[in-house]
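**Q** Listed below are the residues making up each chain.
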Amino acid sequence: MSKPPEGAATAARSEATSRYDTVRLAHGSGGKLSLELIEELFVAVFANEPLRELTDAAIVANPGGRIAFATDSHTVTPTFFPGGDIGRLAVAGTVNDLAVMGARPAYLTAAFLLEEGYDMDELERVVRSMKATADEAGIAIVAGDTKVLQRGKGDGLFVNTAGIGFVPDGLTMGLDQIRPGDKVLVNGTLGDHGIAVMSRREGLELGVELESDVAPLNGLIERVLDVAPGVRFMRDVTRGGLAAVANEVVHRRAFGLRVFDVAVPIHDIVEQYSEMLGIDPLLAANEGKVMMIVPPDQTEAALGAMKAHPLGREAAVIGDIVKKPEGVALIETAYGSRRMLEMPIEEQLPRIC
Amino acid sequence: MPERDDVAVAQAPDAAAASADPQEGPAFDFRPETYKDAALVGRLQRRIAELADEIGRPTKLMHICGTHEHEIGRYALRDLLPGSVEVLAGPGCPVCVCDNEYINMAIQLSLTPGVILASFGDMLAVPGSIPLKGERRGDVRMSLLDARAQGGDVRAVYSVFDAAKLARENPDREVVFFSVGFETTVVAVAAMLKRGAPENLTVIEANYYTPPATAILPQLDGFDIEGFILPGHAATITGLRVYEHLNDHGIACAAGGFEPVDVLASVASLLEQIRDGEPIVANPYQRLVKYDGNERAKQELDEVFELAPIRWRGIAEIPESGYKLREAYRSYSAALRFADRLDEAELAGAEHPKGCRCAEVTLGQIRPDECGVFGKLCTPDAPYGPCMVSHEGTCRAWYVYGMHKEKLHVETA
Chain U
1 MSKPPEGAAT AARSEATSRY DTVRLAHGSG GKLSLELIEE LFVAVFANEP
51 LRELTDAAIV ANPGGRIAFA TDSHTVTPTF FPGGDIGRLA VAGTVNDLAV
101 MGARPAYLTA AFLLEEGYDM DELERVVRSM KATADEAGIA IVAGDTKVLQ
151 RGKGDGLFVN TAGIGFVPDG LTMGLDQIRP GDKVLVNGTL GDHGIAVMSR
201 REGLELGVEL ESDVAPLNGL IERVLDVAPG VRFMRDVTRG GLAAVANEVV
251 HRRAFGLRVF DVAVPIHDIV EQYSEMLGID PLLAANEGKV MMIVPPDQTE
301 AALGAMKAHP LGREAAVIGD IVKKPEGVAL IETAYGSRRM LEMPIEEQLP
351 RIC
Chain R
1001 MPERDDVAVA QAPDAAAASA DPQEGPAFDF RPETYKDAAL VGRLQRRIAE
1051 LADEIGRPTK LMHICGTHEH EIGRYALRDL LPGSVEVLAG PGCPVCVCDN
1101 EYINMAIQLS LTPGVILASF GDMLAVPGSI PLKGERRGDV RMSLLDARAQ
1151 GGDVRAVYSV FDAAKLAREN PDREVVFFSV GFETTVVAVA AMLKRGAPEN
1201 LTVIEANYYT PPATAILPQL DGFDIEGFIL PGHAATITGL RVYEHLNDHG
1251 IACAAGGFEP VDVLASVASL LEQIRDGEPI VANPYQRLVK YDGNERAKQE
1301 LDEVFELAPI RWRGIAEIPE SGYKLREAYR SYSAALRFAD RLDEAELAGA
1351 EHPKGCRCAE VTLGQIRPDE CGVFGKLCTP DAPYGPCMVS HEGTCRAWYV
1401 YGMHKEKLHV ETA
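As you go down the protein sequences, you meet chains U and R in turn. Here the working numbering is used: position 100 in the first sequence is 100, and no number is missing along the way. Here the working numbering is used: position 325 in the second sequence is 1325, and no number is missing along the way.
Just so you know, not all the hints are guaranteed correct.
As the list claims (entries may be wrong) - Calculated lysine-lysine pairs in the DSSO-like style (CA-CA distance at most 27 Å, straight line): (1) Lys1060/R <-> Lys1194/R; (2) Lys323/U <-> Lys1405/R; (3) Lys1298/R <-> Lys1060/R; (4) Lys1405/R <-> Lys324/U; (5) Lys324/U <-> Lys1376/R; (6) Lys1324/R <-> Lys1194/R; (7) Lys1165/R <-> Lys1298/R; (8) Lys147/U <-> Lys131/U; (9) Lys1298/R <-> Lys1324/R.
These are calculated hints, taken from the structure and not from any lab test. Note that the structure is a prediction, hence the values are computed from the model and not measured.
Construct the complete structure from the given sequences, taking the supplied hints into account.
**A** Encoded structure:
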């Protein structure tokens, strides 16, 4: 396939959208319309060499060493929500999965499952949002796939991303590195994404615009690892919130994780909304938060690096690893009383009264 | 936290005793930022310990609202009480006391062609008494979720107004609202019916009125509760006068709010009454509860509903403790409109599945962890009895917040 001259693709694309306002089955058929969509939307927007070649697979450079490899599929209602959209979510999600393993994310693939009739302008917005997020993370989307589902057979738009990142030599993070006395850090307020999306979905007016925290965290994580290379373990805090991650950490381990209720940063609006509807913000979803477990002597450095980064201004030490109780994540209240921080059981729904 | 008048706050717990007018309750004037205040909780905690010492014997108190159990668990408030003061959960979870008959009725109607069954999310997973076929876990009964899996059109709604909206959007269908709840829920149903509901909407009348249930508790064998934390939400409607009968049994009463300071303030108020041997109906939740309740709400309730006997699951049929539609509104009764579609024999089944001790838990006779299936066969993701289903359920709160574990003793490195 010959390379289109610079700038030509963008001009040609607007011609393509003027022909079709919505996605047609033929856009996923592998024929002429597929090629148009790929060249004039995906290649033009994602704009990088391996993708432009339109080969069956992208060939990329390998700096050597270990590779981290992850995939994530995304569906969200609504597609566009305060602070983000499914495109930003799809890129940040996979970037974060790689970054919390200590890898430097480098390349992503993107697969789109489109429902016949999906609005072409909306698709373009999603794709541009993916590109902007990829730029923010400093990665390239080098390969992709498009399928079109018959109307009624898909919920508008599903996006899958897969990505690879390169793991620096000498990095030894893992659950088995965790020791009693280690500190638990998060890079900011918890529950923002879950509550922002829920408020939009339920049509609830919060009075103040609350935005999802969806963001790629690889930059922040690199800064922290620069100054605190002894970080024991990290995981992005997503669905199930802090409760899920905390329980995954202690599951069948000979230590416990204690969270100090008052130390957890929670946005005022999230707190009020949660109170009103009987939802626990520690169980609500996040898309731009990481929990780190750090040895005590590097805690200050790690916290400082987080706070110095735009995505970590409200970072805090929220708890510690304790010898006992073993295998339990617990909350210590402002009153010194303690309860379990239980694994989320089902989707969070407002209660009867 | 903003600056506040520390002196006024510090005096608040003592004001319970000093109040000139017990019917309007002590002069609590907590500002919002203080309801969770750690210093104030600490002072209340010390006050409770002093009172417990003065009483000098074990004292049992009971709350009768599922939200109280939930908040007690969430803030681990039992940790803050002296060993001699026990707060038990009574029959306060609408999901847990809702009789089998209504759950079975909802299941049957959801499987009736043309019907949309609208229910609070909390009710969906509660098993009734219709056996679930092909289930390997044992004696497992059908819930509305199982009915949905079998093709029933079951929708989760947040209120009766959502159900009315569903009815308007589906004029060719019958929408049945599963009206489970106490005073706070039923008052919304009354308001909606009074203002004119769609013709294709009916309600399953599973509405419970709390005060008569508190009247039967003192008649139970071995009953040794000395004070009731009254349900703050329900009391905003009914007021507190309806609980005065408990004083005749020597039982102390205090309206309970739901923040840590509210709960502890009501405990302190009860202990003061018990120490003095002078039970009253105190109102430490004055910021929301009026002694005579909400007149307008009571009036609307009375226009649409009348009190009638109703079965409390696993407990008894209690006279005058259920809200039934009055004659003028009978056409909205699902039981009436669908009488010929209901299988009467199937409606009235065994109250609880084999081995389930929800009835005793609901009456405060045993702790959840004394039930043989708790945490084993019966967990929140696969509930066996109703108390494990709802967020208001005692068993669920105990399971989720770890109240069944020995005090979560922490050892640091």
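**Q** Decide, hint by hint, whether the structure agrees.
**A** Here is how each hint holds up against the structure:
no. : hint                    : in the structure
1   : Lys1060/R <-> Lys1194/R : violated (42 Å)
2   : Lys323/U <-> Lys1405/R  : holds (17 Å)
3   : Lys1298/R <-> Lys1060/R : violated (32 Å)
4   : Lys1405/R <-> Lys324/U  : holds (13 Å)
5   : Lys324/U <-> Lys1376/R  : holds (23 Å)
6   : Lys1324/R <-> Lys1194/R : holds (14 Å)
7   : Lys1165/R <-> Lys1298/R : holds (25 Å)
8   : Lys147/U <-> Lys131/U   : holds (20 Å)
9   : Lys1298/R <-> Lys1324/R : holds (14 Å)
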